[in-house]
Amino acid sequence: MKTKALTHLKPGDRGVIKEIVAGNCATKRLYEMGLNTGTEVKVVKNDTGPVIVSLFGNKIAVGRGLAEKIMIAI
Amino acid sequence: MNTLALVGNPNSGKTTVFNALTGSNQHVGNWPGVTVEKKEGKFKFNGKTYNVVDLPGTYSLGAFSEDEIVARDFILKGNPDVVINVVDATNIERNLYLTTQLLEMKAKVVVALNMIDEAQERNINFDIEALSKELGVPIVPTIASKRKGIDELIKMSIELIDKDIKPNVKISYGEDIDREIKNLERLLNNKNFEYPSQWIAIKLLEGDKYIYELLSNDESLNSSTEFKDTIDRIKDNIDDYELKIVDKRYEFVNNVVKKAVKRPKEDVETKTDKIDKIVTNKWLGIPIFALIMLLVFQLTFAVGEDLLGGLMSEAMGALGEIIKNSLVKTNSPKWLVSFVSEGIIGGVGAVLEFIPLIVVLYMLMGILEDSGYMARAAYVMDNIMRALGLQGKTFISMIVGFGCNVPGIMATRTLDSKKDRMIATLINPFMSCGARIPVYLVFIAAFFPDKGGLVLFLLYFLGILVALLMGKIFSKTLFKGETSYFIMELPPYRLPSFRNVLRNMWDNVSGFLKRAGTTIFAVVTILWILAVLPLGVEPYSKNSILGQIGTFIAPIFKPAGFGTWQAAVGLFAGLAAKEAVIATLGMVYTGVGEGAALISAVQNAFTPLSAISFMVMTLLYTPCAATIATIRKETNSSKWALFAALYTFLVGWIGAVLVYQIGTLLGFS
Ligand SMILES: Nc1nc2c(ncn2[C@@H]2O[C@H](COP(=O)(O)OP(=O)(O)OP(=O)(O)O)[C@@H](O)[C@H]2O)c(=O)[nH]1
Ligand SMILES: [Mg+2]
Chain A
5 MKTKALTHLK
15 PGDRGVIKEI
25 VAGNCATKRL
35 YEMGLNTGTE
45 VKVVKNDTGP
55 VIVSLFGNKI
65 AVGRGLAEKI
75 MIAI
Chain B
350 MNTLALVGNP
360 NSGKTTVFNA
370 LTGSNQHVGN
380 WPGVTVEKKE
390 GKFKFNGKTY
400 NVVDLPGTYS
410 LGAFSEDEIV
420 ARDFILKGNP
430 DVVINVVDAT
440 NIERNLYLTT
450 QLLEMKAKVV
460 VALNMIDEAQ
470 ERNINFDIEA
480 LSKELGVPIV
490 PTIASKRKGI
500 DELIKMSIEL
510 IDKDIKPNVK
520 ISYGEDIDRE
530 IKNLERLLNN
540 KNFEYPSQWI
550 AIKLLEGDKY
560 IYELLSNDES
570 LNSSTEFKDT
580 IDRIKDNIDD
590 YELKIVDKRY
600 EFVNNVVKKA
610 VKRPKEDVET
620 KTDKIDKIVT
630 NKWLGIPIFA
640 LIMLLVFQLT
650 FAVGEDLLGG
660 LMSEAMGALG
670 EIIKNSLVKT
680 NSPKWLVSFV
690 SEGIIGGVGA
700 VLEFIPLIVV
710 LYMLMGILED
720 SGYMARAAYV
730 MDNIMRALGL
740 QGKTFISMIV
750 GFGCNVPGIM
760 ATRTLDSKKD
770 RMIATLINPF
780 MSCGARIPVY
790 LVFIAAFFPD
800 KGGLVLFLLY
810 FLGILVALLM
820 GKIFSKTLFK
830 GETSYFIMEL
840 PPYRLPSFRN
850 VLRNMWDNVS
860 GFLKRAGTTI
870 FAVVTILWIL
880 AVLPLGVEPY
890 SKNSILGQIG
900 TFIAPIFKPA
910 GFGTWQAAVG
920 LFAGLAAKEA
930 VIATLGMVYT
940 GVGEGAALIS
950 AVQNAFTPLS
960 AISFMVMTLL
970 YTPCAATIAT
980 IRKETNSSKW
990 ALFAALYTFL
1000 VGWIGAVLVY
1010 QIGTLLGFS
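Protein chains in written order, with my numbering: chain A, 5 to 78; chain B, 350 to 1018.
These are calculated hints, taken from the structure and not from any lab test.
All clues given are correct.
Each computed BS3-like pair below joins lysine-lysine, with the alpha-carbon atoms no more than 27 Å apart:
#  : chain 1 : residue 1 : chain 2 : residue 2
1  : A       : 6         : B       : 593
2  : B       : 631       : B       : 821
3  : A       : 14        : B       : 626
4  : B       : 482       : B       : 497
5  : B       : 614       : A       : 6
6  : B       : 597       : A       : 73
7  : B       : 397       : B       : 455
8  : B       : 611       : A       : 46
9  : A       : 73        : B       : 631
10 : B       : 584       : A       : 73
11 : B       : 607       : A       : 46
12 : B       : 821       : B       : 982
13 : B       : 626       : A       : 8
14 : B       : 614       : A       : 46
15 : B       : 597       : A       : 6
16 : B       : 558       : B       : 982
17 : B       : 829       : B       : 558
18 : A       : 6         : A       : 73
19 : B       : 558       : B       : 426
20 : B       : 623       : A       : 14
21 : B       : 767       : B       : 387
22 : B       : 531       : B       : 426
23 : A       : 8         : B       : 593
24 : A       : 22        : B       : 593
25 : A       : 73        : B       : 829
26 : B       : 558       : A       : 73
27 : A       : 8         : B       : 614
28 : B       : 607       : A       : 22
29 : B       : 597       : B       : 607
30 : B       : 597       : B       : 558
31 : A       : 46        : B       : 623
The structure displayed is predicted, hence computed values, not measured ones.
Build the full structure now, drawing on both the sequences and the hints.
Shown next as C-alpha cells:
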C-alpha cells in the first residue's frame, strides 16, 4: 500500500487517512470534523482551490496547505 | 424554571428546532456558523413554562473558535436540565462524536435525529431502537423544517427532567490512557467538583485548558505531589493522548453506527454534486459569484424600484400632503407644520420610501443564504483571500455584512485564529450595508436613473475591493503571523424555504423600520431644531446653527467635490445611522416631502462626478455608531474601535478625493 498527500490524489480517488502531519491543533480540528485516521475519503475536487473530499457523501473543503499534510493510503 | 439546551454540530438544524419549539424567529440559514450567540426562548407544556437555549454549532467541547466557546461555556456552566442534541442524520458519525462527549459529561441527553427526510432520500436507514440502546439515551427522529417529531421531542425531554437516570456509556481508551484515567479519578474522587471526576480526568488527558484552570484553583489538589507528578507525566505525552482519545471515540461511534445504521455502499451523484461541478469550477467560480450579485441588484431595481418603488413614493407624498393640510387647516402653530412636513415627512419619509427595494434585496439575499451557496462563495474566494493573507471563511462574514455590519462583525466569531478575526472585524465596515442603499438610490435617481443595478453592483464591488486591500495591508503590518487553515463543510443545496427567506428579510427590514422610528427620528428632530435656530434666522439657511456647523466642516470635503454645508451635515448625521445622510438631505433641502423634490434639489447641488464621489464617501467612511460599538464589544478594546472609526474615515475621504480629482483630470464633471 502506498501513501500519498491528499493534494496528489485525483478526483474520484478513494483512500483511507493514514496520518496527518500538521500541528496538533490543526490535526485535532481535522479529526473532530470527521477526518481522523482510519476514515475513508473520496476526493471530489482537486485543482487549484481547496481540496474537496467526501465522507459518505458529506463534503468538506480543506485548504491546500493543510491538505498537503493529510497522508492517504490507497 | 427548567432549562433545555440545544447542542449540536453546525448546520444540523438547532435553530430550526428552537424556532419550532418556542415560536421564535431566530435566523436560520444553510451554512455552518449562522448562530454565533446564545439565544433564549420559552414554551409552555401542560401549564408549565420551560426555558430553551439555542447555542452556536460546535464540533466538540474542545472549542477552537469564539462561537464554539459560547456553546461550550453554556454546556459546562449553564447547568441545563436536559441537553437536546440535534444530530444531522445524514452525517451521523461526525455528529455522534459530539454526542459521546456529552454522554461522558453525564449530561441528560435526548438526541433529535434531524434531517431524517434527507437521510431517507439518500437511502440511509436507522434502527432507532438499537441506536437508543447503544447510546443509552432516548432518540427522536425529526424533520425540524417541517415541524415533524417536535411534539415527541418535547415530551421526551420533559420526561427526562425528573428521571434520575444518567447516561452510562463507557469508552475504552486503551490500556495506557485508561490507567491514567483511573489514577486521576482516584485523586479527584473526594474533591467536590461540579463535574464527574471521570470526565475531568479525560479532559485533563485531552489537554483541556478550562479544566486545567479549574483545577489550578484547588489548593489541596495542588499541594499533592502525587497529583503534580501525574500531571507532569501526562503533559509529556499530551499530544499523543489527545489524538488517541479522539480516535477511540470515533471507534466507539463506528461500532454504534455499524449496529444501528444501514447505508448504501456506493454514493450516487446527487444534484448537489452536479451544481458544485459548475459553481466551484476553477474558471467559472468567481465569474458566477459576480454574476449572481449583479443579478441580485438588477432584480432589486427591476422589482423593488420600478415596480413597487413608484407606488411607495406616491403614497408617501400623498400621505405627507394630507398630514400637512390637516395641520394647516386646524391652525396648528407654524413651527409644528414646519417640523412635521419638513422634518418628519421630509426626513424620515425620505428613508421610508426605499422600503420596497430593501424588502426585495433582502429576500434575494435570504434565498442565497438558505440555498447553501454561501459556503461555496467562501470556497471560490479562498485562493484570492489567501494571496492577501486572509482566508475563505472571512468572506462569509463579509457577505453577512452586506445585510448589516453588526451581524457581519459578529460572524467573525467563527474564525479560529485571532489574527483572522481582527482583520475580518476591521474590514467589515467597507461592506455596503442596507442602510447605505437609500443614499445611493437618491443619487442614482438624480444622475444615473437607467443604470441603477450596475451602479449598485459597482459600489458593492468597490467595497469588497477596498476591504481586501486593507486586509492585505493589515496582514502585512498590524497582524503578522500565520493565517489559519481553511476547513469548511459544504452543506447540500436545499430549496430555500419561504419561511426562512421571509424571516431573514423581516429581521433586516424591521431593524430598518425601527431605526427610522428611533435613531433617524431623533437625528432629524435635533437637526431640525438646529436648523431653525437662532430665532428669527431663515430656516435651513447657512446662518442657522446647523448651517454654521456645516459651513465649518465643509472645507475638508472641498477636494472631493461636495464642499457644501448640507453635504457635510448629512455625512456628520450619518455617523448615527447611515440612512440619516439621506434623511438630513431630505430635510435641509427645504420643504421637500416627495422624492421628486429631493432628487431635483440633489441635481442642483451635485454634478454627476461629485455624486459618484459622494457615494464612494458614503460607502467607505466611518460606519454607524452601532457598528463601532460592536467592534468595541467584540475586540474588547476601545482603542480598536477608535482606530476603526478613524481609519475608515481616512479611507473614505481619500477614496472620494481620488474619484473626484482623477475624474476632473479626465475631463468629467
Ligand atoms: N431537509 C431538512 N432541512 C432542514 C431540517 N432542519 C433544518 N433544515 C435546514 O437546515 C439548514 C440549517 O438549519 P439551522 O437551523 O440554521 O441550523 P443550525 O444548527 O442552527 O446551524 P448553525 O447555527 O450554523 O450552527 C436550514 O437551511 C434549514 O432550513 C430538516 O429536518 N430537514
Ligand atoms: Mg443556528
